[in-house]
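The opening position of the sequence shown corresponds to residue 1 in the UniProt record's numbering, with each subsequent residue numbered one higher.
Think of the hints as simulated: they come from the structure by calculation, not from any bench. Please note that the accuracy of each hint is not assured.
Unchecked claim - Derived pair list, reagent style DSBU-like, types lysine-lysine, alpha-carbon separation capped at 35 Å:
1) K52 - K26
2) K147 - K69
3) K52 - K147
4) K81 - K69
5) K120 - K75
6) K147 - K120
All figures in this text were calculated on a predicted structure; none of them were measured in a lab.
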Amino acid sequence: MLVLIRHRGNGTNMLQSSDIRMRGIKENSILSFNTAAQFPIDFVEFDVQVTKDDCPVIFHDNFIVSEDKDVFIGKRVTDLKLPEFLSYEPQKQLGEFDDHIVYKERQLKHVLQLILQLFKHVVNEYAEGRRIFFSTFQPDAALLIRKMQSSYPVYF
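Using the sequences plus the hints, can you model the full thing?
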């Protein structure tokens, strides 16, 4: 069985595309998700971060970058409360992301449990019968997700 997944919706990393129809569709955006839904796909993949006040937000990078008087300032999304996160303008600069991040095991387990409880609550509240799966690059996170719930598949 072939499963089609649109990576971060139907957008691009840069607001430029060789396909004129795709120009201006930024990945991980509502427009990107809605555009992807117009195609015969099975899933839309997106990235979730959790703010300091425990609100899950769709955002790829660990840092959100702003510019003040030609100085770029990066703040970790997990250090921002939701109102501060929402106060940022849409990102004009592309951020960098390291898919291989090393954490202290004790810190990771505590944070993972909190995040997974939030995800479980949000998914249970809003899934409305949609097909969902969890994926992660962190093996500890995959195990924890599997232990916390059995309704949705978990991929590592």
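Hint check:
1. K52 - K26: Holds. K52 to K26 sits at ~25 Å (cutoff 35 Å).
2. K147 - K69: Measuring from Cα to Cα gives roughly 48 Å; hence the hint is violated.
3. K52 - K147: This hinted pair holds, its Cα atoms lying about 24 Å apart.
4. K81 - K69: Given that 35 Å is the threshold and the Cα spacing comes to 24 Å, the pair holds.
5. K120 - K75: Cα-Cα ~26 Å, so holds.
6. K147 - K120: This hinted pair holds, its Cα atoms lying about 12 Å apart.
Against the hints set out earlier in the document, a violation occurs for number 2 only.
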